[in-house]
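**Student:** Read top to bottom, the protein sequences are chains R and H.
Going by UniProt numbering, the residue at position 24 of the first sequence is 24; the numbering climbs one at a time, nothing skipped.
Going by UniProt numbering, the residue at position 258 of the second sequence is 258; the numbering climbs one at a time, nothing skipped.
Honestly, I wouldn't trust all of these hints.
[What the hints assert, rightly or not] Covered stretches of chain R (chain H as the covering partner; in silico rule of three or more C-beta atoms under 8 Å from a C-beta of chain H): (1) 51-58; (2) 131-141.
[As the list claims (entries may be wrong)] Here's a subset of chain H near chain R, in silico, CB distances under 8 Å, partners left out: (3) G87; (4) V233; (5) L238.
[As the list claims (entries may be wrong)] The following residues of chain H were derived to be distant from chain R, with all beta-carbon distances above 12 Å: (6) G46; (7) S59; (8) P101; (9) F122; (10) R129; (11) A254; (12) T258; (13) A260.
Calculated from the structure, these hints are not laboratory results.
We treat Cβ as the ideally placed atom computed from N, Cα and C, and that holds for glycine.
The chain contents come next:
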Amino acid sequence: MNVRERAAAVAAQVRDPEMPMLTLADLGVLRDVAVQDDVVVASITPTYSGCPAMATMRDDLVHRLTDAGFARVRVRVVLSPAWSSDWITDAGRAALRAAGLSPPVPAPAVTGPVPLTLGTTRRALTCPRCGSGRTSRVSEFGATACKALYRCDDCLESFDHIKEI
Amino acid sequence: MNDDSVYDGLLGGDSSQWAFGTDFEDPLAGVDTTVPDGVHAAELAGLCLRLGDDALVLSQRLAEWCSRAPELEEDIALANFALDLLGQARLLLARAAAADPSIVPVLPEGSPVPAEDALAFFREAGQFRNVRMAEVPNGDFAHVVVRLLLFSLVRLATLERLTGSPDAVLAAIAAKGVKELTYHRDWAGRWFVTCAQGTDESRRRLLTALDQLWPLYDELFTTDDLRAGTDVVLDQVLAVAGVPRPQLAPLGGAGTHTEALSLMLAEMQVVARAHPMGRW
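The following block holds chain R by itself, in its conformation from the complex:
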């Protein structure tokens, strides 16, 4: 493994501060790890404009890479392309399910002007705990910007769903 690959492997282990069952790589937030003149440069992108976890992500990346022996680490923000829930990896989706969260379905593809949607957002979800397909939405907005709150009509447990964006 060369220096870049070693740094990328360390960075890929850093977890999301709000959903610690996911690594930043699984979440699709870690966009790139490069080595330029002995400096490890990790690139991250915010999930939402107001994501309050960006500072912690940066600090965690710096700490983990420094602990692994990389003396000079820089974290840069990448704004384009904007993050999409489609970037959550298959491993990330499995980790979400294992932790009792429902992973996003494919995000709607928009070409041309954004259409207005006056109907309620409907998603065919399966309960991450019991696998039932009978679920109801409790609240489209939840504990963090990226989640909606659902309830399983069979096992009666509530669960968070990661929204499509």
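Chain R is already provided as a structure; the job is to place chain H on it using the hints.
**Tutor:** Structure of chain H alone, referenced to chain R:
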């Protein structure tokens, strides 16, 4: 455990935990903020300042709704929109400051306040570029529904257009904002229809709020070619809601502010202004 702070024992020696607010970062860290050839830096800064101020001021108004909405679910929705707009404001004010550093208020030497915070907390009301739709005081729930619908309609159309900006930073901020404004507008449109088709009382309140805010709608349009696209969507909402388009004239004085802005800023800015050398 240290008695000085109840949090000390929780941090495990790591003082970077965001939840306790010890550290912020440059929202454009590592982003190339060079103004591209052919783009006028002061005009770009002015545009970003206007869009950033709209987002900042409305974010503050929406944050005032915290714990006051009629249902917990809608309280969370409004806080969510406030957070999205605050994030957009940070990026836009940082972009404005990078494009034209001369717009940033000068603070005492050695002040750690970043440029976007200097713009947010150390300007007077008269220096803010936001529209009055964002600043007028909150009313009832119908008022915030109408305000968000009219504001989001035009902001979404504006940001959609700016995804093609020659400035790649602004284009990226706009593309991200489009995703967020999409669900702000949908939420407001749904509640507009719900209030209009609900009870006599909810419809009365909605029509009252619409009459109050409609004279401020015209100020949202900086270019007339935004009107066609927004009119189609607005007419769609009005048709489903069964509400006629108001016939009220625009309020004069576009570009000025109401007294409400200075009162709001007094509360929003007081702590930062008392501690220009403060580290948070």
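**Student:** Each of the hints needs a verdict: does it hold here or not?
**Tutor:** Evaluated hints:
no.	hint	verdict
1	51-58	holds (count 7)
2	131-141	holds (count 4)
3	G87	holds (3 Å)
4	V233	holds (5 Å)
5	L238	violated (12 Å)
6	G46	holds (21 Å)
7	S59	violated (9 Å)
8	P101	holds (19 Å)
9	F122	holds (21 Å)
10	R129	holds (19 Å)
11	A254	holds (26 Å)
12	T258	holds (26 Å)
13	A260	holds (24 Å)
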